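**Student:** Single-letter residue listing:
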Amino acid sequence: MDETTLKENKINQQASTTEHEEFHTQYTTLNLGPTHPATHGIFQNILTMDGEIIIDSEQTCGYIHRAFEKIAERRPFYQITTLTDRLNYCSSPINNMGWHMTVEKLIGVEIPKRAQYMRVIIMELARISDHIVCNTVIGVDTGALTGFTYLFQWREKIYDIFEHICGARLTTNIGRIGGLERDFSPEVYKRINAFLAEFPKAFTEFCTLLERNRIFFDRTAKTGPISAERALNYGFTGPNLRAAGVDYDVRVADPYSSYEDFEFQIPIGVSGDTYDRFMVRQEEMWQSLKIIRQALDNMPQGKHFADVPEFYLPPKEDVYHNMEALIWHFKIVMGESDVPKGEVYHAVEGANGELGFYLVSDGGRTPYKLHFRRPCFIFYQAYPEMIRGGMLSDAIVTLSSLNVIAGELDA
Amino acid sequence: MGAITNEFMLERLQGQFGNKVKSSEEPFGMLSVTIDPSSILDILRWLNTDRILKFQFLTDICGSHYPDLKGQELCVVYHVQSMENNIRLRLKAYVPIEKPELPSVTSLYASANWMERETYDFYGTIFTGHPNLKRILNADEMDYFPLRKEFPLEDATRSDKEDKYFGR
Chain A
91 MDETTLKENK
101 INQQASTTEH
111 EEFHTQYTTL
121 NLGPTHPATH
131 GIFQNILTMD
141 GEIIIDSEQT
151 CGYIHRAFEK
161 IAERRPFYQI
171 TTLTDRLNYC
181 SSPINNMGWH
191 MTVEKLIGVE
201 IPKRAQYMRV
211 IIMELARISD
221 HIVCNTVIGV
231 DTGALTGFTY
241 LFQWREKIYD
251 IFEHICGARL
261 TTNIGRIGGL
271 ERDFSPEVYK
281 RINAFLAEFP
291 KAFTEFCTLL
301 ERNRIFFDRT
311 AKTGPISAER
321 ALNYGFTGPN
331 LRAAGVDYDV
341 RVADPYSSYE
351 DFEFQIPIGV
361 SGDTYDRFMV
371 RQEEMWQSLK
381 IIRQALDNMP
391 QGKHFADVPE
401 FYLPPKEDVY
411 HNMEALIWHF
421 KIVMGESDVP
431 KGEVYHAVEG
441 ANGELGFYLV
451 SDGGRTPYKL
461 HFRRPCFIFY
471 QAYPEMIRGG
481 MLSDAIVTLS
491 SLNVIAGELD
501 A
Chain B
6 MGAITNEFML
16 ERLQGQFGNK
26 VKSSEEPFGM
36 LSVTIDPSSI
46 LDILRWLNTD
56 RILKFQFLTD
66 ICGSHYPDLK
76 GQELCVVYHV
86 QSMENNIRLR
96 LKAYVPIEKP
106 ELPSVTSLYA
116 SANWMERETY
126 DFYGTIFTGH
136 PNLKRILNAD
146 EMDYFPLRKE
156 FPLEDATRSD
166 KEDKYFGR
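Each protein sequence line maps, in turn, to chains A and B. Residues 91 to 501, numbered by the working numbering, are exactly what the first sequence covers, in order. Residues 6 to 173, numbered by the working numbering, are exactly what the second sequence covers, in order.
Hints are not guaranteed to be accurate.
Said to hold, decoys possible - Pairwise CB distance ranges (calculated): (1) A:G141 x B:K154: 50 to 58 Å; (2) A:K406 x B:T133: 55 to 63 Å; (3) A:G198 x B:D55: 26 to 34 Å; (4) B:E12 x A:Q355: 30 to 38 Å; (5) A:R478 x B:R140: 21 to 29 Å; (6) B:T133 x A:R478: 24 to 32 Å; (7) B:F171 x A:D250: 39 to 47 Å; (8) B:K27 x A:R478: 40 to 48 Å; (9) A:T119 x B:K154: 40 to 48 Å; (10) B:E106 x A:N303: 51 to 59 Å; (11) B:I131 x A:D397: 46 to 54 Å.
To be verified - On the chain A side, residues computed to face chain B include the following (Cβ under 8 Å): (12) K160; (13) R304; (14) G325; (15) Y338; (16) Q471.
Please keep in mind that the hints were generated in silico from the structure rather than gathered at the bench. As the structure is a prediction and not an experimental result, all values here were calculated from the model. The C-beta atom is built at its ideal place from N, Cα and C for all residues, glycine as well.
Pulled out of the complex, with its shape left as it was, chain A reads as follows (with noise of 0.2 Å):
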């Protein structure tokens, strides 16, 4: 392969011109991935090694691109939506939402605040999620299993709550342009509260297990840091910018969906290493607790969808006794609704970074150009300096705690 002779020349190259040649250092190149259990996800990674010491290293992606943005032109937009699950397929509703907030700032509709509050319990429970994932997946890495299968029993409660909600637990598909598809029912709201009232005691003894405790520490703290400088250079968003000392999220810099209406912190971290994105995600999990309650204890009495018969499905009864529903019904589902001319940048707080959507309309049925703005995609590029002088074993942990989808990389 091209790049294996390519690495080779570059190994000779730094061999003949350091002082190692005396020594007879030897270089060895070491294929982390692309199907590596360590690196949970498709990805692969050329290293250079030195010993345990990583050298230099070569990252390759691409290897589950999917062609979403090509697809996405031939897709009316609400078919859209269930590309967007399979970005970041850990907390997908949060890119279901981001996708229908885009849209709806298209046709300029402004959804019942009932249905942004919806929004927003789900889109923080997604964030849980996700994080639930990151951060004990970084407790498996660094040799503790048992957060991991304690607090992925949480992951599965969510996605009860998610099942209640729309019928999907994965990809979910959740939520519609100009709302939500039905209202929580009362079982949803049983799991909710049944969800807050027990997680976090489970939490805080996830927490009390790692947080603290000196092993953990030893492992990640100075694991992969970054500079606040160096990270905003590199495109950083989400908990890994906070991690490294930038306050900067999109829930706070650029409100969507009512949460300027909640009280809730941004938690940052200072030195931007394994332990501090640990530790940010951590209380972020705390914060997204705190919104929800918030949301439940405030929830507006109204509809859970806006009125806009042109984007959002009409009840089914209807369709069967009713003309004008009929039309829609059928007009909706072929992708026969009319969609002004625009162009429109919507950005939501990802659970893994901004994730944005840049739409272009030429008034068809499908978007003239979608582009994603993935977190991950553009934060990953980091990840050779980050690792650049440390162990093998501390690239992992590193690779884990910025939580780098691969779904999301290739898109």
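Got chain A; can you put chain B on it based on the hints?
**Tutor:** Then chain B, alone, in the frame of chain A:
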């Protein structure tokens, strides 16, 4: 200091770059400026160091293809933002498809590296000065740029979605 308005930004940008700023619009409240492609690096550098605007964060780069705009078929869209002032700005640079070249901004933003590679991968825009301009998501041996409009996605023989069935 009061919030920075789009008019102020545009005035300041035009004052600095004059005719390099070709046109502007404000779709959905975001200032969107079309600029001369060769000056993108200078403009982004100035935006980065300007003491008032402080556009120090490159949010996104992507491409777009407009086959009907003769002589400026490919468009590269830059989104920048100023976290301090909490404003966003969109810059668009149109380049001809025969010679789709514009300067790379990797010297300014490390994040631009993969964003430009992605844009090159899908649209074939050449970013001069890029350290490693090769395909990133598609297969290396691919010999076309898939997001250009001449590549239809679905089977061309399919007839059930023709416009005439929908009264268009």
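**Student:** Against chain B, is R304 of chain A within 8 Å by beta-carbon distance?
**Tutor:** violated (35 Å)
**Student:** Do the beta carbons of G198 of chain A and D55 of chain B sit within 26 to 34 Å of each other?
**Tutor:** Since the Cβ atoms of G198 of chain A and D55 of chain B sit about 33 Å apart, the hinted range of 26 to 34 Å holds.
**Student:** Quick one: are F171 of chain B and D250 of chain A within 39 to 47 Å, going by C-beta?
**Tutor:** Cβ of F171 of chain B to Cβ of D250 of chain A: about 41 Å, so the range 39 to 47 Å holds.
**Student:** Does the closest beta carbon of chain B sit nearer than 8 Å to the beta carbon of Q471 of chain A?
**Tutor:** holds (5 Å)
**Student:** Given the hint of 40 to 48 Å, is the C-beta distance from T119 of chain A to K154 of chain B inside that range or not?
**Tutor:** For K154 of chain B against T119 of chain A, whose Cβ atoms are near 41 Å apart, the range 40 to 48 Å holds.
**Student:** Please test the hint of 30 to 38 Å on the beta carbon pair from E12 of chain B and Q355 of chain A.
**Tutor:** The hint (30 to 38 Å, Cβ to Cβ) holds, given that E12 of chain B and Q355 of chain A are roughly 35 Å apart.
**Student:** Range first: 24 to 32 Å. Now tell me if the beta carbons of T133 of chain B and R478 of chain A are that far apart.
**Tutor:** holds (28 Å)
**Student:** Does the beta carbon distance between K27 of chain B and R478 of chain A stay inside 40 to 48 Å, or does it fall outside?
**Tutor:** The hint (40 to 48 Å, Cβ to Cβ) holds, given that K27 of chain B and R478 of chain A are roughly 42 Å apart.
**Student:** Can you tell me whether the CB distance of I131 of chain B to D397 of chain A sits inside 46 to 54 Å?
**Tutor:** Holds, at about 48 Å.
**Student:** That 21 to 29 Å hint for R478 of chain A and R140 of chain B (C-beta), does it hold up?
**Tutor:** This hint holds: roughly 24 Å between Cβ atoms.
**Student:** For the restraint on Y338 of chain A, tell me whether the closest CB of chain B is nearer than 8 Å.
**Tutor:** holds (5 Å)
**Student:** Was the hint right that G325 of chain A lines chain B, CB cutoff 8 Å?
**Tutor:** Cβ of G325 of chain A sits 3 Å from chain B, so the hint holds.
Hint check: a violation occurs at hint 13 only; the rest are consistent with the structure.
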